[in-house]
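Visitor: Take the given structure of chain A and dock chains B, C and D to it, following the hints.
Chains as they are written, first to last, in the working numbering: chain A, 270 to 519; chain B, 97 to 699; chain C, 178 to 576; chain D, -10 to 274.
Hints were generated in silico from the structure; no laboratory data involved.
In this text, a Cβ means the ideal position worked out from N, Cα and C, and glycines have one as well.
Take the hints with a grain of salt, since some may be wrong.
DSSO-like mimics (lysine-lysine), calculated; alpha carbons at most 27 Å apart, straight line [as the list claims (entries may be wrong)]:
# : chain 1 : residue 1 : chain 2 : residue 2
1 : A       : K290      : D       : K76
2 : C       : K472      : C       : K485
3 : C       : K510      : C       : K532
4 : C       : K485      : C       : K510
5 : C       : K525      : C       : K319
6 : C       : K575      : C       : K564
7 : B       : K319      : A       : K290
8 : B       : K424      : D       : K76
Going by beta-carbon spacing under 10 Å, a handful of chain C positions derived as facing chain B [stated by the list, open to error]:
#  : residue
9  : R258
10 : D259
11 : K266
12 : E273
13 : T296
14 : S314
15 : T318
16 : P322
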Amino acid sequence: MRISAAEPLLDVRGLNSGYGKIVVLHGVDINVHKGEVVALLGPNGAGKTTLLRAISGLLPWNAGSVHFGGRDLSGVGPRESARAGLAHVIEGHRIFTQQSVTDNLLLAAYDVSQHERMVRVEEALSYFPEIAAKRREPGSSLSGGQQQMLAVAQGLVRRPKLLMLDEPSAGLSPVLVDRVLTVVARLRETGTAVLLVEQLIEKALAVADRVYALARGTVVLEAGAAEVGLAGRLENAYFGTRVTEFSAAM
Amino acid sequence: MSGVSDAVERVSTNDVRERLRNASASMVPLVAIFVVALAVPVFSNDYWVLIASRTAIYWLLVGALNLVVGFAGQLAIGYVAILTLGAYVTTILSAGNVSPPVPPVIALAIAGVAGSVFGVIVGLPALRLRTFYFAISTFGFATIVTQIALAWQSVTGGGIGLPGPEFPAPFDTRSGFYFLCLGCAAVCTWMTANVAHSRFGRALVAIRDAEVAAEAAGISKAKLLVMVFVFTGAAAAMAGGLFASLQTYITPDAFTFDLSILFFISILIGGRGSILGPMLGTIILTLLPEFAAPLAAWSTFLYACLLLGVVLAVPGGIAALLDFRNRKPLDQHRAIVPRADVISEVLRPSQMKESLTLSDIVLSFGGVRAVDGVDLDIRPAQIHGLIGPNGSGKTTILNIISGYYRPQSGEVTVGGETLPAGRPATRAALGIARTFQTPRIIGEASVIENVMIGGTINGCGTFAEALLMLPRGRRDEAMLRQMGLLVLRSVGLDSLADVRADRLQHSELRFVEIARALMSQPAFILLDEPAAGLAPDEIRRLGELIREIVRRGVGVLLVEHHADLIFDICHQVTVLNLGRVLAAGTPAEIRVHKEVVSAYLGG
Amino acid sequence: MAVPRRQFIASGAAAVTAAATLSFPRPAVAQSEPIRIGWLAAMTGASSAPAIGFDRGVQYAASMINAAGGVKGRKIEVLTRDTQGDPTKAVNATQEMISQLKVHAIWGPTNSGESLAVTPIMARSNMPNIHPCVVTSLIDTKKYPNAFRTAPSLGQWDAAVRGYCLNILKTKKIAVIGDTTGFGATAANFSVDAFKKDGADVVYAANIDYNQPDMTPDMVRARDAGAQVIVVWSTSTGMDARLFNTRGAMKWDVPFVGHSSMSSGDVANLIDKREYWNKVYVIGYRSCSFDAAGKLPPRSQQFVDSIKGKVTLSDNLLWWVAGGVDAVNLVAKAVEITGSSASADIIKYWNSLNKFPGYFGDYTFSPDQHNGYPTDDVVMSEASSAKDGAFSLAPGYKA
Amino acid sequence: MIGSILASGLAVGAVYALIGVTYNTMFSASRVISFTAGMLGMLGGVFGSLFILRLGLPVPVGFVLTMGCCALVGVITEFVAVRPVLKSLDQHLYVLSTLALSLMIQQLVATEWSTEPQRFPRLFDIGSGLLDEKFWLPIVACAVGMGALDLLYRHTLVGKAFLAIAEDNFAARALGLPERNLRIASYALAAIIGAFAGFAGGELLLAFVANGALLNFYGFVPVALGGLGSNRGAVVAGLALGIYQQAANFVVGGIFASVAVFAIFIILLLAAPQGLFGAPAVRRV
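Extracted from the complex, chain A is given alone in its bound form (with noise of 0.2 Å):
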């Protein structure tokens, strides 16, 4: 377990949360340092997109906490949390299709002071050149990956100092894959810290500092994304074999 002297800005501890009465996470225990980039793996059904949720107070929880900043997340909504610099992409590039991309973005900006609101849009446009050529276009005119594009710009509007998202890459081309990613590079070196859900390891691994896996809702594993042997220790994890003896070697 890496322990780090300084206070974690996110910091999530035994978290318990679902929906309705199916509990997906069990105690999950992750953190996240300022301007670091965390990879969050694991298979299909692992509770990724739940831990994500229950974090930006999307989905209620019942056990455990959340605190972000030094901040008690614990029974507040999601515009809260976008307000104290949590920002969720959400899965599935869910914008809104029939309004412009300005409009997306405004949207994104909806509580920041009316003249600041134009300079938050072009920054973040500035980071995708190719959507903000189309910035006067509705949502629906944009293909698949530039909705991404702009789904991830809409977290970058508030300036979050905690980008969450998930699965940017689902759907796209390996190009565009690596089109955001590389925003998620940059943002790094902008102190900005993000936590990534991802399914495309390599890439996830290569923009990563740390990674935490999830399987059946529990972390099953955490290291550096440097660490050798990492594969073959994800594979196991995930296929479930012998799953103590490396919670047990961690």
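Guide: Frame of chain A; chains B, C and D shown alone:
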């Protein structure tokens, strides 16, 4: 179905007694109410007899309408239309405005027939329209009928209306007539209760709360609703005939929309899917204005307050307040212990020798090719695992097999015989059962009832037989309940048989769904992520259960994320990616398949 | 599941005790018990205006009699039930009055829809009943020997309207308009037939939904058909006003003749110009009409003076108040003369009445004639001339 | 003749259309179809008459007060009849809760105001005959209302937020939009649209309690035929309905007119359950 008949033979006498006890237990309060009602003329006066008659007449209609609104969940707010029709038909026939005068009793019967026809007409839009739209369309019929009554002066007397029919002795006195109404109400209640406690009643509730699961169980919404509309229409029209006689005179303005609302509201404050609740609702709403006579001016307002109060405070209605059995806490530390040995009792050795085959299936939504030329071969007595990343088309394939989606090309066959595409209700009869990713359960029904839904197609009694509780209907019930209990025992939930399903834990619901699938004695079972949300030991037991099912010759298609389970129990595994088959083979082969590992892990 | 049973018995028991406490000793035995008059009034809901007017008369008369020591020491007790114009409620209330409140006579209901439903019920227990409802079939001395009408029948109304159109306005081409309610449809049809019988030429007949925002199409048709007078059968003030406004907008000076709702105060609020209300003649009554000199008949004048300050007339019609008073007096008188409040005696007394001097009119009943109101007293009056609930006679009548 | 049918037809049609838009606005914010829509139209007329005629306030003041009061009613609707049942939309409890509330409103008006139609003030006193303001006012109001809505939705962030919530409630929340406040706001907005319709149609329909139930139905027809959630559809269908209804009044007479309307409604709906501009049904599995 030999297995089924075995089950029937195995119905031991105490099972039957048990079943009767359950059925009659729910009848006790109803009977009690009618006993008290019988006494009304004895220790009170004509006024209260009149009010009681009115209540009985309203209940005659509401009781039947309860099947449409309370059970099938169709928002029929305009049923005063059929009341009006019945009133006018009875009156006109017995007055002889169009024909030689007919004796009122016979006129009443004819009205019943007319009502059942009209009931179907008013009801049919429910098959096509969304709930609120349907509500408004019934309201439309209500207006049309009164307007016609108003305009057709030569027959209906127009605005002045007609003197209502007078029933012959012994029904010509206040109490005589009251007993007539009470009799009709009692019969109607008995019939409704019979339907409610039959496979048809459960099917109605299934249509309301779990339509998709209902289709998978082979329930045809259209057929079922038409039968119910016929019954309800008849009852409502006869209520109209009695109403006309009670009023002694009918004019179009006697059939106010408030009346319609009263019927509708009685049911909903009574509680959906209950008979006692709506009955109390009707009684309360009919008596209330009489006790609150001085408040007449505000009656509607109070009435609305009551309604709002009920909706906000007790959405379950009166029935929920009276449902004590489901108040007592369940054992918190209960565990699901499937009894593999019982499976052999539940499932007869499957005769199915051919396999369920998908050949070159293609289905795209919009531009996206969800399934892109997939071949699949599910053999009897084998477990076929289907894995792959999200959006790789696993569930889509399940939905194609069970007939919810119509593939653009390719076909699904069993032993060379093509299954009709896009018709889910046919699958149960073809021996294909399934479970769902998120359990499709009727929360307000008991666990056993939920399970019995799965056996709906095994019943052989008709709706009429159920209505009149004829032997075949009774036997169906015995058989289904017996099977249900057996199946529940096999999945290890028999201790929860009579508990409201929505009180169960998620993991238990998964097993309830499997039990429901087993009810139809299927040759193939499609399981959609049965292990999702289950604890490790539960997953292990699930594995054993599936293995045992397969031993009886059933073919299983298992869509699962829990790779460990897949590799543990499957005979064959197919890996999908982006709608295509990435690899197929034995678990061992797949386990080491390089592409799979990378695709599955990404990379 | 025992609780529901208990609950029901509880409410059942409540019913029974209610019955017990409310039931009274039989009328015949106690001579000092109050005279109970059941009063079926549509006090709320649509078209509640008449009932409210009647009620003032009823309460006034009862208080007067009781203040004077009652009838042979028996107080008058008025038991009112608000039927809201709903026949169903009326049926319940009537049965309650008969079997539970044990009233001696019933006054009302005040509209035909309810009356049609309750009359047979009252007949069944031979309950003495007076009502002001117009529908002809309500009075049938064979079927309902207990029911008496103290107001004109539809036939009498229609006769007055027809007579005025044909004999005084001397019009030959008639347009008849009714609304789509039960009353409107019935009255209009009745009127059309009667006009035809009298050889008049009904050039236009229609039923209009009183919510119809614009009456122009019908009015234009009537005009194009050459109508010289428009007969209106509707209780909807909204529809009346719209008709007047349309006529005004069309600059057409055809007279309106018909139902008294056209003279209601509500119409005054709804018409665009005051003068649009001219040339509107509504059914009225001699007893409640000012002659050319602006004087009421002596008896009426004396009545108006007597109630001054006690009953407001400005916002309702004199004939309602007078009718209410007469109803109570008819019952009181019956008990006073026969010394009994038994149904048979009351009915017997009423059947013997000849020109009983009421404030609304002189009532005459006989065993085979229960339409008590004198036809000649039904007259037409100027709709816009309301003053303290009375109207000036329409032009053409000799006082 | 045809002229007057068109005039009154378009006029009432415009009112129906705006009530339809009221239904839509409430629906897109909450997926709830509320029986209070028609009541708001009725209240627009009643409050207008109350403030301007009975209390003698100047027209602009009366107008603003009317809108204000109705907006309040809208907010109350959201709190009392909508929010509590949002959790269980599939049970259709909203049908009951909103029905109950609308019955209360109706009863209150009947007892506290009047059961008889009351006069509505003449606002501008422009035009007569077929060009009378009572005919063109609702039509203009409909145009203005739709224009204003368009401005709101296209050119203000709040309006865009409304659209966002209507399109994808979850995404909107994830984005940090104040979903709950926006829902309250759109109920107030819906109420104002309804009140505006009632106010503009006041001279035509009068301040009459019975208009509530009437508009509830005739306002829903355009929604059903035009397609739930589509304001364009509501306007087209509303105007069509108005003309059809007035023509029916004229051709088959008052008694059968309503029969004609209901019949065509049921038939068209069966033919096209999603309405003219409606979205197709969503996949169930």
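Visitor: Hint by hint, note whether the structure agrees.
Guide: Taking the hints in turn, this is what the structure says about them:
1. A:K290 with D:K76: 15 Å, holds
2. C:K472 with C:K485: With a Cα-Cα distance of about 16 Å, the restraint between K472 of chain C and K485 of chain C holds, given a limit of 27 Å.
3. C:K510 with C:K532: Answer holds: K510 of chain C to K532 of chain C is near 14 Å, not above 27 Å.
4. C:K485 with C:K510: Holds: K485 of chain C and K510 of chain C sit about 24 Å apart, inside 27 Å.
5. C:K525 with C:K319: 15 Å, holds
6. C:K575 with C:K564: 20 Å, holds
7. B:K319 with A:K290: This hinted pair is violated, its Cα atoms lying about 34 Å apart.
8. B:K424 with D:K76: 25 Å, holds
9. R258: 6 Å, holds
10. D259: 4 Å, holds
11. K266: Holds: closest Cβ of chain B sits about 7 Å from K266 of chain C, inside 10 Å.
12. E273: 5 Å, holds
13. T296: 8 Å, holds
14. S314: Holds, because the Cβ-Cβ distance from S314 of chain C to chain B comes to roughly 7 Å (cut-off 10 Å).
15. T318: Violated: closest Cβ of chain B sits about 17 Å from T318 of chain C, beyond 10 Å.
16. P322: 16 Å, violated
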